[in-house]
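Colleague: Keeping their order, the protein sequence lines are chains D, X and R. Here the first sequence is numbered in this note's numbering, starting from 1 and rising by one per residue. Here the second sequence is numbered in this note's numbering, starting from 1001 and rising by one per residue. Here the third sequence is numbered in this note's numbering, starting from 2001 and rising by one per residue.
These aren't lab readings, by the way, just hints derived from the structure by calculation. Idealized CB from N, CA, C, for every residue including glycine. Be careful, since some hints might not be right.
Said to hold, decoys possible - Using C-beta positions, here's what the derived DEER-type ranges look like:
#	chain 1	residue 1	chain 2	residue 2	range
1	X	1116	R	2067	37 to 45 Å
2	D	190	R	2067	46 to 54 Å
3	D	98	R	2107	33 to 41 Å
Unchecked claim - From the derived model, a few chain R residues whose C-beta atoms are all more than 12 Å from chain D:
#	residue
4	2021
5	2022
6	2025
7	2060
8	2097
9	2217
To be verified - Cβ-to-Cβ under 7 Å is the rule here; a few derived chain R residues that face chain X:
#	residue
10	2176
11	2179
12	2180
13	2198
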Amino acid sequence: MSGTTFDAVAAARAWRPPPLITAPLLRYAIYLGALLYAVLALGSVEVNWARAAEGIERAGRFLAGFFPPNFLSKRDDIVEGLLESVTMTAVSTALGVALSIPVALGASRNLAALPVYLVCRGIIAVSRTFQEIIIAIVFVAMVGFGPLAGTLTLAFATIGFMAKLLAEDIEDIEANQAEAIRASGASWFQLLAWGVLPQVRPRLIGLSAYRLDINFRESAVLGLVGAGGIGDTLNTAFDRYEFDTAAAVLIVIILIVLGCEYASGWIRRKVQ
Amino acid sequence: MLLTIDALTKRYPTGDLALDAVDLQVPAGQVMALIGPSGAGKSTLIRCVNRLVEPTAGRVALDGVDLTALGSGALRRARRRMGMIFQEYALVERLTVMENVLSGRLGYTGFWASWFRRFPRRDVEQAFRLLDRVGLAAMADKRADALSGGQRQRVGIIRALMQDPQLLLVDEPTASLDPKTSRQIMRLIVELCEERGLAAIINIHDVALAQQFARRIVGLRGGRIVFDGPAEALAAPQLTAIYGEEDWSQTIRRAEPNEEEAPAEAVA
Amino acid sequence: MPVTLHADGTPAWRRRTPAAEFIVWSGWFAAVALTIACFQFISDRTIWAFVWDAPTQGADLVGRMFPPAWSYASVLWKPLWDTISMATLGTALAVVFGVPLAFLAAHNTTPSRLVVRPVALFAIVASRSINSLIWALILVIILGPGMLAGILAIALRSVGFIAKLLYEAIEESDPTQIEAIEATGASRAQVLAWAIVPQVMPAFAGITVFRWDINIREATVLGLVGAGGIGMQMQASINVLAWPQVTTIFVLILGTVLVSEWLSARVRHAII
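With the rest of the complex left out, here is chain D (with noise of 0.2 Å):
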């Protein structure tokens, strides 16, 4: 049957492995650029290696202070920032999630006029390019220190978040179901009631889920600048070297987390 006149032996010496990046000039370009990019960012790093090999030493002192953790000195305060940021993740998640609804159908062309698409895409937009912490700056600058501007950025960080997935579920729903829902006469309000919220429930609880996980863990950091919860408590602990307090915080810190993912893993996987 191989009596075709195909050279194998020839075919074996002109077979190379395949690339990765098929055009060669695009290849070398590519490799190229990323080694002279290394050069150059590693180049940039300023090492102080006396400092470097004073932090080993250091580290050492370091990890000794953490050890044993100090559950108990700063008791009040532990169980203060923690009730902060508990209660700062509750209300943001809470008024994130509400307000973020009316964005994302504003959001979805499928639903909504180009004026309103473009403000409520502008406002995404905005939410999501800043850092929380940034965003948690200028709201202390305005409202003062406290937990009152953590929640008002957690539920900011919430709207762009939840408001940009959401509209894509929006956008991606099964057209002839809400076509077939304003074919029965339904006002706009039925139609997302019967047309639109049946199809994105799972993916709305399974995100709010979510964010709540990110919102614990965002509100551990924004007592930095003084926008509550325990990260205030870490950065304290830090300042006045009680580095066992502040291991005590990290593991709380840890086991909230845990605890919050494993429950918004549990919730998903139940709602879908």
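Once you have looked at the hints, place chains X and R on chain D.
Modeller: Same frame as chain D, but now just chains X and R:
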């Protein structure tokens, strides 16, 4: 005897008894079809041979070597002698056709050589020869997921042959293919086995295909062998023993006209 | 779909049984009550006089922020370059450690499900729970201020992120392709390289670019705790209340983040 299976038993952790003390012998060069209803243990049986599934009890010997007693290194060397062909082709979809074919040589190649795709020239030549044999030489640098079902299965067959095996373990090779391609693939497998003197165990659903292409047929039901004999001996009572009560007259007779299919079509 | 009977014996269709209805409503009630209680807690810690003053403060702040001090941008290029380098090098470092960690954590590739896998999962959770800002805080104490602390902080946070998403991708890889390679007599390392790596490659590239995009944002604020980059200039300007400079920094950050988001979207499109 090339392959000897003694009292092979497999019980899954769920408690299902998939194989119940199966005894089976396959001489060198024999093409054997394994038929039976879904869940009869066909797939488990061939996976116990190359130990993709660990048997619970019993012995499998290939060419006198007890496979069930091998450690992981020796098992890998033994696996090179057993080429496997899968139902859903099981090609690595994001690799090229050539890479998939060469993956049959992994057992003979060191890790770094295989990582950088530095295979001996001999292997690459052999790969091209086999690809040409099935008409796919021009596709060598295409990605596997760009191929049709029949083309993929041919690549799967060549991958198995690249191992330089003594035995082919073939798991439902035609279940995802249309009837014509199914016959072409079966014919290709049988021809290659004859050319190279390979033995094969072919799991197959389609009784007519089994009768058409295999001399020997083994029927499995509930993890036990209930029929073992030449293809001609398979008739309604035997099929009832394997699959249960049904009107079998159509099934057996339908095999006949297919024999007339033109051999020229075989490897198009 | 329960059907209840009216007093006059006619059936009435309802979505839920009265008991289920009650549970749903009390759930909503509890959630709202909890949110209000949490808000009460935050409100107790807020000086509302400041908040009522916020519009004035805000207007005042905006007034002081404009016009931006554009000339200040000339000293910002180096910190901006540092910021991007921190994100890139940190991501690269995270890839180096995160990829092996993912293979140790995925249940189908881990060398030991009883010992190695739980350890790897714990490392992932610990890395993910602690915000890069907190990592930076700790590292600045150990290594002294500078980019090195920032790079390591980003890497430490990203390791867990990359490893988590990658091990999920590994666990979802098609088992028959793995079986097929195993059946050829390939070694464990070859099975990884030939059956699993090709399958998870697109996911890996997507995850890395996604994390790099996040890291650009994170790198902009690490300077607040002394870990290098443009955040250090931001901190300095805020400390001396040089708001026009802060505006310039914000605009630069906005531009950088938008470019990096565009770039990462492009790359992800090219891969998938």
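Colleague: Quick check: which numbered hints come out false for this structure?
Modeller: 1, 7 and 9
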